[in-house]
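These protein sequences, in sequence, are chains A and B. Following this note's numbering, the numbering of the first sequence begins with 1 at its first residue and continues without gaps. Following this note's numbering, the numbering of the second sequence begins with 1 at its first residue and continues without gaps.
Hints are computed from structural coordinates only; laboratory data are not their basis. Be aware that one or more of the hints could be misleading.
As the list claims (entries may be wrong) - Interface residues of chain B toward chain A, partial, derived using beta-carbon atoms under 8 Å:
no. : residue
1   : Arg22
2   : Glu28
3   : Asn39
4   : Leu42
5   : Tyr46
6   : Gln53
Claimed, not checked - Coverage of chain B stretches by chain A, computed from C-beta distances (three or more under 8 Å per stretch; other residues unrestricted):
no. : stretch
7   : 12-21
8   : 56-62
As the list claims (entries may be wrong) - The calculated lysine to aspartate or glutamate pairs, modelled on EDC-like cross-linking and capped at a C-alpha distance of 16 Å, are:
no. : chain 1 : residue 1 : chain 2 : residue 2
9   : A       : Lys71     : B       : Glu28
10  : B       : Lys6      : B       : Glu34
11  : B       : Lys21     : A       : Glu103
12  : B       : Lys43     : A       : Glu67
Idealized CB from N, CA, C, for every residue including glycine.
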Amino acid sequence: MKKIIPVLVVSVLVLGTTLLWMTNPGFSMPVAEIVQFVVIIVIVGFAVYLAINRFRSVRRGEPAEDELSKKILQKASSFSYYASLYLWIVMIFVNDRTKMDSEVLIGTGILGMAVIWVGFVIFFKVRGVKNE
Amino acid sequence: MNNRIKELRARYDLTQEELAKRVGVRRETIVFLEKGKYNPSLKLAYDISRILQSRIEEVFIFV
Chain A
1 MKKIIPVLVV
11 SVLVLGTTLL
21 WMTNPGFSMP
31 VAEIVQFVVI
41 IVIVGFAVYL
51 AINRFRSVRR
61 GEPAEDELSK
71 KILQKASSFS
81 YYASLYLWIV
91 MIFVNDRTKM
101 DSEVLIGTGI
111 LGMAVIWVGF
121 VIFFKVRGVK
131 NE
Chain B
1 MNNRIKELRA
11 RYDLTQEELA
21 KRVGVRRETI
31 VFLEKGKYNP
41 SLKLAYDISR
51 ILQSRIEEVF
61 IFV
């Protein structure tokens with residue numbers, strides 16, 4: 001339970017901050033920001049899904065996490081770190097060609113890193129983790 | 001590595017959930033083990049073998 005609550009708190013904070021941003025008087029919704037908003041919702045939704053799964057395990061009398069869940073997170077995190085390095089190289093390349101606003105560049109990079117991590121977690125949950 | 005967890009679990013009339021609780025892991029871990037998607041740690045392999053009243057090499061088959 002102790003590890004579920006921080007995930008839910010952070011998810012609520014991210015959603016709350018996003019809503020505050022959207023209710024800003026000067027706020028308009030260009031396509032790029034709609035895409036960012038959707039990606040944020042997907043990432044927060046995935047975090048909430050993981051937290052609910054852990055909560056259900058605890059309700060069944062199982063541990064919130066075990067060696068498999070820790071291994072999946074470790075592998076996903078290490079693989080997504082390496083992929084994120086390449087992501088930032090691509091972002092620098094795109095920025096050289098398009099001269100993106102620095103806020104847009106950093107925000108897109110951070111969201112990209114989160115999406116990569118979610119992708120790897122799903123990949124290892126489907127494929128499994130073998131220590132060979 | 002293959003295993004006979006499902007076969008031995010059926011012999012002792014244990015559900016995946018019951019086995020998971022007895023060895024202290026989530027049901028998802030037992031599912032992954034039975035499907036061959038995960039190789040357990042030595043401790044988990046030992047605990048599962050003990051619950052299934054078999055030796056490790058009778059439960060987990062190294063090929």
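Quick rundown of the hints versus the structure:
1. Given the 8 Å rule on beta carbons, the hint for B:Arg22 is violated: about 11 Å separates it from the nearest Cβ of chain A.
2. Proximity of B:Glu28 to chain A holds as hinted, the smallest CB-CB distance being about 7 Å (cut-off 8 Å).
3. About 5 Å separates the beta-carbon of B:Asn39 from the nearest beta-carbon of chain A, less than 8 Å, and the hint is met.
4. Annotation: B:Leu42 was flagged as interfacial toward chain A, and the flag is violated, the nearest CB pair being 11 Å apart, outside 8 Å.
5. Proximity of B:Tyr46 to chain A is violated relative to the hint, the smallest CB-CB distance being about 13 Å (cut-off 8 Å).
6. Interface hint at B:Gln53: violated, since its Cβ lies 22 Å from the closest Cβ of chain A, which is beyond the 8 Å cut-off.
7. Counting residues of the stretch 12-21 of chain B whose CB falls under 8 Å from any CB of chain A gives 3; the rule of at least 3 is met.
8. Given as covered by chain A, the stretch 56-62 of chain B fails the check, having 0 residues with a CB less than 8 Å from a CB of that chain where 3 are the minimum.
9. A hinted pair counts as satisfied when its Cα atoms are at most 16 Å apart, and A:Lys71 with B:Glu28 qualifies at roughly 13 Å.
10. As the CA atoms of B:Lys6 and B:Glu34 are separated by approximately 6 Å, the hinted pair is consistent with the 16 Å bound.
11. At most 16 Å may separate the alpha-carbon atoms for a hinted pair to count; B:Lys21 and A:Glu103 exceed this at roughly 48 Å.
12. At roughly 10 Å between alpha-carbon atoms, B:Lys43 and A:Glu67 fall within 16 Å of each other, so this suggested pair holds.
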